[in-house]
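> Listed here are the chains, written in short residue letters.
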Amino acid sequence: MPHATFELFRGNDGTGQLVPYETEVSEGMVVLDAVHAIQATQATDLAVRWNCKAGKCGSCSAEINGKPRLMCMTRLNELDLTRPVTVEPIRAFPHQRDLVTDVSWNFRVKQKIRKFTPRPPDAPDGTWRMQQEDVDRVQEFRKCIECFLCQDVCHVLRDHHLHEDFIGPRYLVHVAALEMHPLDVLDRRDELRKAHGIGYCNITKCCTTVCPEGIQITDNAIIPLKERVMDHAFDPIVKLVGMMKGKIAGP
Amino acid sequence: MPEIQTFDHDVLVIGAGGAGLRAAIEAASKGVSVGLVCKSLLGKAHTVMAEGGVAAAMGNVDDRDNWRVHFTDTLRGGQYLNNWRMAELHAKEAPDRVRELEAWGALFDRTADGKILQRNFGGHRYPRLAHVGDRTGLEMIRTLQDHGIHQGIDVHMEVTIVTLFTRQGRVAGALAYDRERGRLRLFRARAIVIATGGVGRAYKITSNSWEYTGDGQSLALSAGAALQDMEFVQFHPTGMVWPPSVRGILVTEGVRGEGGVLKNSEGRRFMFEDIPENYRAQTADTPEEGWRYVIGDKNARRPPELLTRDHVARCIVREVREGRGSPHGGVFLDIAWIKEKLPKAAEHIRKKLPSMYHQFKQLADIDITTTPMEVGPTTHYIMGGIRVDGDSQMSTMPGLFAAGEAAAGLHGANRLGGNSLSDLLVFGKRAGEYAAAFAREHAAVAPDGGEVNEAARDALSPFDRPTGESPYAVQHDLQEMMQDQVGIVRTESEMIQAVEGLVRLRQRAARVGVSGNREYNPGWHTALDLRHLLTVSEAIVTSALARKESRGGHFRDDFPEKRAEYAGFNYVLRPGVDGGMELGKEPIPPVREDLRALVEEYK
Chain A
1 MPHATFELFR GNDGTGQLVP YETEVSEGMV VLDAVHAIQA TQATDLAVRW
51 NCKAGKCGSC SAEINGKPRL MCMTRLNELD LTRPVTVEPI RAFPHQRDLV
101 TDVSWNFRVK QKIRKFTPRP PDAPDGTWRM QQEDVDRVQE FRKCIECFLC
151 QDVCHVLRDH HLHEDFIGPR YLVHVAALEM HPLDVLDRRD ELRKAHGIGY
201 CNITKCCTTV CPEGIQITDN AIIPLKERVM DHAFDPIVKL VGMMKGKIAG
251 P
Chain B
1 MPEIQTFDHD VLVIGAGGAG LRAAIEAASK GVSVGLVCKS LLGKAHTVMA
51 EGGVAAAMGN VDDRDNWRVH FTDTLRGGQY LNNWRMAELH AKEAPDRVRE
101 LEAWGALFDR TADGKILQRN FGGHRYPRLA HVGDRTGLEM IRTLQDHGIH
151 QGIDVHMEVT IVTLFTRQGR VAGALAYDRE RGRLRLFRAR AIVIATGGVG
201 RAYKITSNSW EYTGDGQSLA LSAGAALQDM EFVQFHPTGM VWPPSVRGIL
251 VTEGVRGEGG VLKNSEGRRF MFEDIPENYR AQTADTPEEG WRYVIGDKNA
301 RRPPELLTRD HVARCIVREV REGRGSPHGG VFLDIAWIKE KLPKAAEHIR
351 KKLPSMYHQF KQLADIDITT TPMEVGPTTH YIMGGIRVDG DSQMSTMPGL
401 FAAGEAAAGL HGANRLGGNS LSDLLVFGKR AGEYAAAFAR EHAAVAPDGG
451 EVNEAARDAL SPFDRPTGES PYAVQHDLQE MMQDQVGIVR TESEMIQAVE
501 GLVRLRQRAA RVGVSGNREY NPGWHTALDL RHLLTVSEAI VTSALARKES
551 RGGHFRDDFP EKRAEYAGFN YVLRPGVDGG MELGKEPIPP VREDLRALVE
601 EYK
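As you go down the protein sequences, you meet chains A and B in turn. When we follow my numbering, the leftmost residue of the first sequence carries the number 1, and every step to the right adds one. When we follow my numbering, the leftmost residue of the second sequence carries the number 1, and every step to the right adds one.
This is chain B alone, in the form it adopts within the complex (with noise of 0.2 Å):
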């Protein structure tokens, strides 16, 4: 029997990104022990690579903003199917988050009357993102942790939850491997709250750092949680293309938001050509006119190349099918062109985008202030996740909670740039305030002996099989089939073939063998992140099949129109009986009157 050592916390944390960092800071301050586990070190999460903003109506740059107009510009942007209770929960407690971290010590960039400065992004209608420069998640990370530390919590530094356990119809912990050492953990709490981030390591072409493996969906669905939406994957519109190295790492929108903008290889700014009608009232006729927008004329409307994300991807992809895309197989990306409006252009640039000029020049010889980026869409964020109440942030499986990037329902059928750092800061506090009231109000439940010894024989298996398969060459297949068959543009037929193909990695997944011991064996730690990869991938195709239409981030070559009669639903996958995931439909609640009316006036 394998040695398992044993760590009981009234409320667990799994992940220490934004999220998990400010619902563990929450958590403690309700007076709960605090337990909070962390893939990596401390303060190296996700979060980290977020640039560009975090949304928070303040109103500090345009005063005509509120919570108000931020809450319909994130339904419009998610096509409806939001939770709309979360909705207008985020926009309206964004910027008391946003005021707190300056409380606990982040610096954001400064307006002239010394407020903390807002920049333009796509979807919003105003500027509305506190940032510094375009290293706002640092920023935010490093506060929380920094702040996180002196609170009295119990961190667990690169350690990895494989199971959960539940008992009595609610959740009573987990087991875990620590990196170091290959020991086994068990972690008994009260409450869990998942903040493991997303999925972008099913895809070949990804933002997302190796951590992005689904954990969190993963183990919510086999401890009975229902997912939501997994058909609504965010393609990021601009992420390197060359060199092949570098292709996916994240171009910030910020670019876009300074002014930066898109051609093709004729030189036309495309964007220009197709705006949706959802969009007409708000979008600019003219580069002239969305040049004034960017430099704060407020009678001006945003440049195309501020729409939503779903959909200036979509326009890259169609660019370059149509042969009119860049050497390497995306479109240019131009902000040095400002330096025919702005006098000292070229120190502007490097103020205002300072890792983005840093990293074309470090990793691709590019000097982004004399030259055009080439960019494309890459896997960056997923809108699906955890099924959660708008409020508590609980999942259906008593005393399990979610936020950030693992839950689902703010964003809807698509997110809007920046709404992620503060759906993490709202929600994450909203997640370690309810799982601090549930351990409180419920007394421990101990996992199951007999399930905790059958999981942790589970987790040592792969070194039974040595001469297995390797992991990493069953997880490139995985990422290869899910880029080109379950990707940005999707089709039943490939999708069909891509559930065909599921089923064969399954077989192969549970065939890989490690070498090695358990000390620190990344070999090990991909054959185990693998069942996520494979289990966040068949909800997303299974999703993606049965909607029929396109929306947001889910585009169908074989059904390119919305539909009507998919607009009232969310897709809800719940655990099956052979230990598969059964698809299900949820309708929307009907959006409260004084909400409903506020969509009305901002249409």
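Same shape as in the complex, but just chain A (with noise of 0.2 Å):
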């Protein structure tokens, strides 16, 4: 059988450096399947995130020469083996160990945006009518695996690090499908402008050309978004009311 070597990310807390491993590959190999025969047999505590290896569950993501990939659907016979394979953990986020990153920010962001809030029922039993062409449009959003590669190759998270004001590609996606959601029935554009901050995204597309689901972030769901925001904070009949309110209530 052929061999191809790959250059694993080792190490701990962002220090550490590529250490080449050579195994054999078959055919159909994707890239996780040859990590996982160098963890079996050259390196067993190669630490690498893994769940389903159908491209379904989003853990396997990482930086596959040099490009923010799942590596379980990156088949090796896309990749030029004459050449070392570079793996590395995605960037955007804390290094934890080898090819795993500490994620968890994530999770606390989605916590604090604005939950799914339904009108009332339309039926007596409690249930919703909707036509399927109005949730095609947030079923794209919710094909998300939460992969984060968007949030990965995200300059603003990347490379500015606004991790504190941006909530990233990902997260703006969730609140389009909310947003956008037939039932939902409540306003999340003053935080998409402020503590979301929807400002910062300069619709570059990064974000959109990595999805491994190819949903597209940047057209259907940051734009559209963006469209509401602007339509709202200077709509002028808005910004009246609020600076007759702003009189009422006094400074």
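Honestly, the hints are just simulated from the structure, not real lab data. Mixed in with the good hints there might be a few duds.
[Stated by the list, open to error] Chain B side only, calculated, beta carbon under 10 Å to chain A, not exhaustive:
#: 1; residue: Leu41
#: 2; residue: His46
#: 3; residue: Trp104
#: 4; residue: Leu107
#: 5; residue: Thr111
#: 6; residue: Ile249
#: 7; residue: Pro327
#: 8; residue: Pro354
#: 9; residue: Ser355
#: 10; residue: Gln362
#: 11; residue: Ser470
#: 12; residue: Asn517
[What the hints assert, rightly or not] Not the full set, but computed from the structure, chain B residues with beta-carbon under 8 Å of chain A:
#: 13; residue: Arg99
#: 14; residue: Ile205
#: 15; residue: Ser209
#: 16; residue: Glu211
#: 17; residue: Gln282
#: 18; residue: Tyr520
#: 19; residue: Gly523
Glycine is no exception: its CB is placed at the ideal position from the N, C-alpha and C atoms.
Join these two chains into a complex; the hints should help.
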């Protein structure tokens, strides 16, 4: 069987280096298979996060030859195996060990977004009526497997480290799914502009490029949200009402 | 002495798939403090892999459906070894549990009149599975996760339980480690819910992820609770078979629900050739009638591809054994053929089965809208598990509850597709509710300090043997052995070899060593998982040897028929004297009169 070399990042808390491993490769293999083979025979303590190995859980995100990908969905026959394949942890979050990154920030961010709040049921039996075309758009957003590759590649988080001020593309998609949900009655436009920092996104579409689910993050989620926020924040009537309220309530 | 951090919760839920999340949400709603432990990150559990749908007799597509039909379908599919009380509660409560998800934000596919759409599935008489394309599990776990994070539940991510403690005859707590740093944690709890899923990693070819190592079943048994029906493992008929690295990955039954047909190398729809007697009246006679069923003709009966999973899997094995298999040892599953019947068939397939389209395109270079898939059986689910009370989900150990795949009873000898997603909602809720009530009614009992320290030392013991055998090697050999000797077709001689093999594997497992330190060390984690895998493997083979008949998921080549003398009881395993397990029988209580009448009525 042919062999290939994989350079895996080994180390703790951000310090470490690429370590080369040679392993056998066979037809149909994905990068995660190679990593597992190395783990089982050459590096039993190699840290790697994975679950389903079928592109459905979004656990095995990594940077393969510098590109953010799922290890389980990256076929070796797409890569140039005459040169070493590099596998590194995603970089927008604190490194833990080897290929594993501390992504807990994402879970804290989600908790700050106000939850789904439906209108009263449409039918006496407590159910709602929705047409398929009304749910199609939101179903696209709900395909998200929370792999955080979009967060990894977003320069606002990765390069500018604005984790305190910006929720990132994953959570803009999450807010879009709530705001465009046919049943949801909350209005999250104010916090989108302020707490969630939607203005930081300058629509370079890097997130859309890496989404393994093919969600049109920028075009279908972020841009429509930006439009809603702008319409709301700079609507002259809203502004006037706001000013009057301010007068009545005093400084 | 290793350092141990202590956490106190009224209710501790182990496992954060659908059942665990639903249990935690319910317990929290009752005002008790809840800890939720997940082996992975939140929202990554195996529920995410469920594709086809959640079974609930809402009757949105066919108004002849109701809980009675669902109840009798479940019993027929389970070959009447089911806990009938659970089957009753499940059929009655599933519709409300599904509608509740909609109130929490889930967006199921819709009917023309705006209701939740339902699809056909094996063993269900009417279209019954609420779904979202073929990613229903993702929709469910995300809905539960996004609802659950606002309920005040303490979530412990990437934490694995290694031991349960009991005191004064009831459950008292659990010892765990966190993956990130390898620190030990003691959880003290008044009630514990086990929702850890299944055991698929005991086999080589499986649709299950690394987490599925039978932790819950094994923890419960060592804590003194009983297991039942462990011989009944479900081999899903359609897993991917090629290329080798994807062997076992699930191909949803939804493909067949949408009209996909199974063919052998001669191009024959072999499922028409073997229709079990008790399904004959419900099964189409011709391909033409089968297609009419798929497109919703209420006068048509379902195609034989939608027979129960145990039967379809065995027919595939037969075709392959008799030399009529596909090039890589499976058979052909063809959905592309519907283009003969439907305009825009390719678009329809991509819309209804997007994940399957994507999966085959990306992993096997196959376009399922033009080319048949190659499929074969894959270890998918265990019907057996922790023996529980049907109403409360409490195990035979007071204070210890179980729900979802980790619990036994609902599915009997074979589970119908779609009944696990409804199982985890219905019984996750019940387990959470009754665990909360138990916690309120009982004062805390602290685990014994000596036992905790002993368990902690034991958990760290693989580090004392840095040059010991690799745990991966032992796991690999176990998977090969279970696959070959306790797989889909079983015989006494092979299973006796497996029993002997397990003794040797246990000796090797006791000597495995790990290198490196405690920080995110998968070698160490595998060493600890191995103990559970060995326990559940022993439970499976012990029960499978005893059941000298073929029924549901359990097929014996040496006893190929169903035998009446095995109909009335479940095999039950309890902790033995020397740390082993003891096999016993528990008779199935007589079915309540009104339910028995239903079984007759819908025969």
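> Each hint needs a verdict: does it hold in this structure or not?
To see whether the hints hold, each was checked on the structure:
1. Leu41: This interface hint holds because 7 Å falls under the 10 Å limit.
2. His46: Hint on His46(B): holds, closest Cβ of chain A at ~7 Å, below 10 Å.
3. Trp104: holds, 7 Å
4. Leu107: It holds, given that the least Cβ distance between Leu107(B) and chain A is near 5 Å, below 10 Å.
5. Thr111: Since chain A brings a Cβ to about 8 Å from Thr111(B), closer than 10 Å, the hint holds.
6. Ile249: Where the cut-off is 10 Å and the nearest Cβ of chain A is about 5 Å from Ile249(B), the hint holds.
7. Pro327: With Cβ-Cβ at 13 Å, over 10 Å, it is violated.
8. Pro354: The hint holds - Pro354(B) has a Cβ within 10 Å of chain A, the shortest such distance being about 8 Å.
9. Ser355: Constraint on Ser355(B) satisfied, holds at 7 Å.
10. Gln362: holds, 6 Å
11. Ser470: With a closest approach of 6 Å, the Ser470(B) hint holds.
12. Asn517: holds, 8 Å
13. Arg99: holds, 6 Å
14. Ile205: violated, 13 Å
15. Ser209: With a minimum Cβ separation of about 4 Å from chain A (threshold 8 Å), the hint on Ser209(B) holds.
16. Glu211: This interface hint holds because 7 Å falls under the 8 Å limit.
17. Gln282: violated, 29 Å
18. Tyr520: Since chain A brings a Cβ to about 4 Å from Tyr520(B), closer than 8 Å, the hint holds.
19. Gly523: holds, 4 Å
In the structure shown, a violation is registered for the earlier hints numbered 7, 14, 17, in ascending order.
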